[in-house]
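Protein chains: 2
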Amino acid sequence: METSSREWFQQKYSEYKVAVDKYIEGISTRDGLPEDLRSSSFHLILSGGKRIRPVLLLSTLELLSGGYEDGLPAAASVELLHNFTLIHDDIMDRDDYRRGVKTTHVLFGESLAILAGDYLFSLVFSEVSRNYEGETARMLVRVLSEASEKVCIGQTMDIMPEKYVKSVDDYFEMVYYKTGALIEASMVSGAIVAGGREEWLRDFREVGRKIGIAFQIADDLLGLIGDPSKTGKPVGNDIRNGKRTLPILYALERMGRDELDLFNRYFGREAGDYLEAVELIRSKGGIEYARRTMYEYAGEALSILDKYPDSSAKRFLSELIRYIVDRDR
Amino acid sequence: METSSREWFQQKYSEYKVAVDKYIEGISTRDGLPEDLRSSSFHLILSGGKRIRPVLLLSTLELLSGGYEDGLPAAASVELLHNFTLIHDDIMDRDDYRRGVKTTHVLFGESLAILAGDYLFSLVFSEVSRNYEGETARMLVRVLSEASEKVCIGQTMDIMPEKYVKSVDDYFEMVYYKTGALIEASMVSGAIVAGGREEWLRDFREVGRKIGIAFQIADDLLGLIGDPSKTGKPVGNDIRNGKRTLPILYALERMGRDELDLFNRYFGREAGDYLEAVELIRSKGGIEYARRTMYEYAGEALSILDKYPDSSAKRFLSELIRYIVDRDR
Chain S
143 METSSREWFQ QKYSEYKVAV DKYIEGISTR DGLPEDLRSS SFHLILSGGK
193 RIRPVLLLST LELLSGGYED GLPAAASVEL LHNFTLIHDD IMDRDDYRRG
243 VKTTHVLFGE SLAILAGDYL FSLVFSEVSR NYEGETARML VRVLSEASEK
293 VCIGQTMDIM PEKYVKSVDD YFEMVYYKTG ALIEASMVSG AIVAGGREEW
343 LRDFREVGRK IGIAFQIADD LLGLIGDPSK TGKPVGNDIR NGKRTLPILY
393 ALERMGRDEL DLFNRYFGRE AGDYLEAVEL IRSKGGIEYA RRTMYEYAGE
443 ALSILDKYPD SSAKRFLSEL IRYIVDRDR
Chain R
143 METSSREWFQ QKYSEYKVAV DKYIEGISTR DGLPEDLRSS SFHLILSGGK
193 RIRPVLLLST LELLSGGYED GLPAAASVEL LHNFTLIHDD IMDRDDYRRG
243 VKTTHVLFGE SLAILAGDYL FSLVFSEVSR NYEGETARML VRVLSEASEK
293 VCIGQTMDIM PEKYVKSVDD YFEMVYYKTG ALIEASMVSG AIVAGGREEW
343 LRDFREVGRK IGIAFQIADD LLGLIGDPSK TGKPVGNDIR NGKRTLPILY
393 ALERMGRDEL DLFNRYFGRE AGDYLEAVEL IRSKGGIEYA RRTMYEYAGE
443 ALSILDKYPD SSAKRFLSEL IRYIVDRDR
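Residue numbers (the numbering used here), protein chains in the order written: chain S, 143 to 471; chain R, 143 to 471.
Hints are computed from structural coordinates only; laboratory data are not their basis.
Just so you know, not all the hints are guaranteed correct.
Which copy is meant is left open, because identical chains are indistinguishable; a pair holds if it fits in one copy or across any two.
[Claimed, not checked] Computed list of lysine to aspartate or glutamate pairs in EDC-like fashion (alpha-carbon distance at most 16 Å, straight line):
id : residue 1 : residue 2
1  : Lys372    : Glu341
2  : Lys305    : Glu177
3  : Lys372    : Glu438
4  : Lys372    : Asp311
5  : Lys154    : Asp300
6  : Lys375    : Asp361
7  : Lys305    : Asp178
8  : Lys372    : Asp400
9  : Lys372    : Glu421
10 : Lys449    : Asp212
Being a predicted model, the structure only gives us computed values, none of them experimental.
So that you can see chain S by itself, here it is in the shape it has in the complex:
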């Protein structure tokens, strides 16, 4: 991206983000909430985040309808839904930090963290049902509730990887459930608010699904070979944590017994540095395969967008897809 183009993209991103953040802040200051529930529910969501799901929703809506204001309650809802899943995931994964701040259960205790997630989840559906009319609301609720069913399925697979994530095929299933479904739902929600034409729903379901998987593979690559000064995580971090990411699973399926023995000295263990293990994955083609697959998904998403007329929202969405796969953090 040229500088002026990048500036334009960042400015547009920021415009969407500021609008959503303002809307979320409005929700967080409503009356009638016990202070303990308010602070625990909004701690994480007000502490940062890229807001990528709301931005996808709003730019899809703008591409299809020419404006995005009508999408703000839905955009806030997908971010609330995402944060609900993060709060509960952090309890399950016993993570102490996220977005550079302490996780909700560490700060407020586990009971309030469970309740905070449940409360955000309730808000998802009360926002949608208060702000959209009959059939639009019904369709949004259906898409968002089915996505959250899928997130639960994906998280079940993720907490029991030895049972549910044994192969590259399992990986694609798990990633669709855990990450792809909500990104898909965000774009479909934009299409629903735009009027819900059947063709739009089909196209943006496809685009969202592909972006969601590309997004996760980008994360996988950053967790393996990202620049530590940018990701804040050491090289090989996902190897230390024993995560079954795409490059790792691909390489595992191709290792002989000796290579497996070597790899298992690093996988899920504390070991000085992980360069030897990273090189093993690279030599088995895992990194190359993951990168190629990611670009394929992103390219397919871009080619679906191609059939829509040019507009600044379309240009933005295309840049966003490129940003998702080329980001360095």
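Could you slot chain R onto chain S? The hints should help.
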């Protein structure tokens, strides 16, 4: 109730319950769910329960429209919502048993129990949005999501009683949020499925709210002076557990310093028997006040029903209200 009348009531109750149970069983056997998530999500709901919320929904619908079949997806949804809150509450309260079986987190671990609750909560909204048309679905989602916001508020108050439940006034607020709101939402949902006439919504919101509070006070009385052979809990059980129920709060507000000292030897503590403490509450008028208040709420609910034409559903609902306050378990 005469014997024939009681038989008729029990038969009608069972008709509703069997229909809902069958519907829930259908949900529990759908394809595409990892076995661990299926068994943890449906363990509690398939292990029993009175199904009082679905029965209130279906009988309200039948009173207003003459039939109840259309209400089954909504009736299953309120029961799913109720069970979601129970699974998460049991984690927070560290309860090991419910309905005579081990709680979900004890059987499946805490992570799967959190996910099971989240999954049931997702199903609430996907069921409603798949089975009702535009405006009906929107109204149901709004009522159910606002009720679950309230349940979260009530549970926050309940886990921090020393901060949020200091007086009889606090009690009524907490009980409305924690118990009343979902019973209210169940009856309002019945009125929505019946066609959602404004007058119906208003009336059944009132009836539901009053029944909800009466229902909780009945629980309070059983937890204090219920027959141990029927409730399965010893006399004074709520005193042992330090629960701020209506008779206890009423009496506490009227105790002198010496009486408070005496009561605090029992309240929230392990102490052979609790007869002395129960008698103290009785002598301060706590039991009499709670019983009178419960009958007042139930009576007000019955008098709102009075204005509707006689029907077997109306007769059933009136009997149900009497059953709720006169039950012995």
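Here is how each hint holds up against the structure:
1. Lys372 <-> Glu341: Neither: 40 Å inside a chain and 60 Å across chains, both beyond 16 Å.
2. Lys305 <-> Glu177: For Lys305 and Glu177, only the inter-copy Cα distance (11 Å) is at most 16 Å; the intra-copy one is 41 Å.
3. Lys372 <-> Glu438: neither (25 Å within a copy, 65 Å between copies)
4. Lys372 <-> Asp311: neither (30 Å within a copy, 54 Å between copies)
5. Lys154 <-> Asp300: neither (34 Å within a copy, 45 Å between copies)
6. Lys375 <-> Asp361: within (12 Å within a copy, 53 Å between copies)
7. Lys305 <-> Asp178: between (38 Å within a copy, 10 Å between copies)
8. Lys372 <-> Asp400: Answer is neither; intra-copy 34 Å and inter-copy 65 Å both fail.
9. Lys372 <-> Glu421: Answer is neither; intra-copy 21 Å and inter-copy 68 Å both fail.
10. Lys449 <-> Asp212: neither (24 Å within a copy, 43 Å between copies)
Checked against the numbered hints listed earlier, the structure breaks hints 1, 3, 4, 5, 8, 9, 10; every other hint is satisfied.
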